[in-house]
Amino acid sequence: MAQAKAITVAPKVDAELARRLLSQMVLIRRFEEKAAEMYALGKIGGFLHLYIGEEAVAVGATAALRPDDYAISSYREHGHCLAKGSDPRRIMAELFGRRDGLSKGRGGSMHLFDKSKNFLGGHAIVGAHLPLAAGAAFAVKYQGGDQVVVCYFGDGAVPQGEFHESLNLAALWKLPVIYLCENNRYAMGTAIHRALAQTEIWRYAETYGIAGEAVDGMDVLAVREVVGRAVERGRRGQGPSLIEARTYRFRGHSMRDPSAAIYRTKEEVEREKQRDPIALFRGRCLKDGVLTEGEVKTIEKDINDLVDEAVAFADASPEPPLEWLTTDIFKE
Amino acid sequence: MSVMTYREALNLALREEMRRDPRVFLLGEEIGVYDGAYKVTQGLLKEFGERRVMDTPICESGFTGVAIGAAMLGLRPVVEMMTFNFAILALDQIVNSAAKMSYMSGGQFNVPIVVRGPGGPAHQLAAQHSQSMESYFYHVPGLKVVRPSTPEDAKGLLKSAIRDENPVIFIESETLYGIKGEVPDDADFTIPLGRAKIRREGTDVTVIAYMGMMYRALETAEALAQEGISCEIVDPRTLRPMDIETLIGSVRKTHRAVVVEAGAGFAGMGSEIVAFITENAFDDLDAPVERVTGANAPMPYAKNLEQAKTPSKEKIIAAIRRVCYA
Ligand SMILES: Cc1ncc(C[n+]2csc(CCOP(=O)(O)OP(=O)(O)O)c2C)c(N)n1
Ligand SMILES: [Mg+2]
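Those protein sequences? They're chains A and B, same order as listed.
If you're matching positions, the first sequence starts at 1 in the numbering used here and goes up one per residue.
If you're matching positions, the second sequence starts at 1 in the numbering used here and goes up one per residue.
In case anyone wonders, no lab produced these hints; they're calculated from the structure.
Built from N, CA and C at the ideal position, the CB exists for glycine as well.
Mixed in with the good hints there might be a few duds.
To be verified - Derived BS3-like pairs: lysine-lysine, alpha-carbon spacing no greater than 25 Å straight-line:
1) A:Lys141 - B:Lys46
2) A:Lys141 - A:Lys117
3) B:Lys46 - A:Lys174
Stated by the list, open to error - Pairwise CB distance ranges (calculated):
4) B:Gly249 - A:Phe47: 41 to 49 Å
5) A:Gly46 - B:Asp186: 46 to 54 Å
6) B:Glu50 - A:Glu323: 39 to 47 Å
7) B:Asn296 - A:Lys115: 39 to 47 Å
8) B:Ala223 - A:Lys115: 36 to 44 Å
9) A:Phe47 - B:Asp286: 49 to 57 Å
Based on the sequences and whatever the hints tell you, model everything.
Put into structure tokens, the structure is as follows:
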């Protein structure tokens, strides 16, 4: 059942799709760069985990979804939330801890939620959101819907019990959930070969008798294609899939790991940056004549403006009122 | 009114709520084909089918997480812990996912689940299978915690728990499943969460206790009545939210209080209740409040040691005499 398929020839894209994919990836990149600046200025506190380098996974996967499909993620979720269509202004406001943030300023960078976009949140206990994803898929099936749930998680969640519990339950109950592992080869400073007896993560699918595939996570079209197949399986009632997207984070684990140099070499990072998912896709669109230099420039400028607007919006948003300390603990 | 066991009352509550609301479903170990480890879910698979009575493999964290995820999308899962001791394996899901979801999502996602099953002292089940688990939960903002002592409460409170929009921890007791009592037949009968009940009216001392300890306190009260000491027994029923008004009202009347709990005393339920009384009714007290708690030890197996672990009638009587200066 499980198979790793190297994607070599991805389908041709039309200009409309190319523009959308590139815009989303550039938006995530620019948003994250800006967030880093804002962190340095002290406007954002706590933990801040950037998605830079991994944009093709969120954007490729979301491109295979319908708007009414669900997504759920870990604490490195700005990209997934943006790709799902949430307002960058409200995400930035959340990072700033402001009233107009998606989660009323109470969640912060690691806990973005957007019910209006079926985004089931950022969750910061490694592995804990995998059963939640199965539960959401259970609810879809129980109610006779045909949506799927995409669950993003890191390689660091694979040794956790909940990864295995979730795959087993999802397979047993044939739930429409896609477990999409973003294998960036490190969990903080722990390289996967120091954490996993089996480092080919997609192979765990065999154990549970479900479909498993590995994909180049730097290739947005390849991700879209592989996730698209998993979505079809989910919608047709064929149960869950496990996808391993091979990617790399260009920055440190969080802003508190600025150099990211103790556990990996500079050479390795530089080498991986040669496969920047945005540069790869942009280059390909230009080479194939799907987009022109001028169009790419326009996209980049528009996105810059959008992110500047997000910062201005977040800055202008007031702090949450003190009463909010104790509201929403319970729903009446 | 019908006379039924505590177990039957729970079963009836589940049955009625499942009939009433198609979003309600059950999941847990051995609840379906096996009819429940303690037979609380007996016959429900037959009536409602596998779609709504889901046997799960042994993975408390996994299936509790599934319930929480399903609740985020609007279903109303009732999770059975075969015994509450196993809820420790799901503690992260209950505390970090269920209890905080509404708050950290800015009120966008609430989690209407019930986690239920037996807890507390049982019959020689030893250290890992009999412990008072409520203290692991009532500390956590975002959780409601129920300990129902009678068949009527079992039915009425479980129905309210299922209808509640929030995560409710509902801890029953192996030792009470077989007790009988009158239970209202009305399918719309519920008991609101957060209301204590005065089990016995009295004038000299307030004794606060729930579950097995409540029954022991009642026996104690009968014995002391012969000596002319009149005990008022208050059963909190819901530990969180706690009905402080009823508790304090009783203490204001009797001017004396004893709290009895089966669990170990350190930072136990009694500590909190004593603090409430001190903060709210200090000037009404005629004596320091006493606690009678379980020993600070894991639950032993040997019968005599097991008996010594939980508060005895004698210890309760002694404490009441002390606060009454009798
Ligand atoms: C249960 C748990 N243990 C430890 C941590 C601390 N922690 C946060 S992120 C992380 C690494 C996770 O790595 P991975 O899953 O690969 O995701 P990535 O950061 O690479 O995206 C650790 C150990 C945690 N949040 N939760
Ligand atoms: Mg990783």
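Cross-check of the supplied hints:
Restraint check for A:Lys141 and B:Lys46: the C-alpha separation of about 21 Å stays at or below 25 Å, so the hint holds. Proposed proximity of A:Lys141 and A:Lys117 is supported: the alpha carbons are some 19 Å apart, at most 25 Å. Under the criterion of a C-alpha separation no larger than 25 Å, the hint pairing B:Lys46 with A:Lys174 is consistent with the structure, at around 22 Å. B:Gly249 and A:Phe47 have their C-beta atoms about 47 Å apart, which keeps the hinted 41 to 49 Å range intact.
With their beta carbons about 51 Å apart, A:Gly46 and B:Asp186 fall inside the hinted range of 46 to 54 Å. Distance hint check for B:Glu50 and A:Glu323: the Cβ-Cβ separation is about 46 Å, which falls inside the suggested range of 39 to 47 Å. Between B:Asn296 and A:Lys115 the C-beta distance comes to about 46 Å, which sits within the given range of 39 to 47 Å. Checked against the hint of 36 to 44 Å, the pair B:Ala223 and A:Lys115 fails, with Cβ atoms roughly 57 Å apart.
A beta carbon spacing of about 53 Å between A:Phe47 and B:Asp286 agrees with the range 49 to 57 Å that was offered as a hint.
Hint compliance for this structure: hint 8 is the single one not met.
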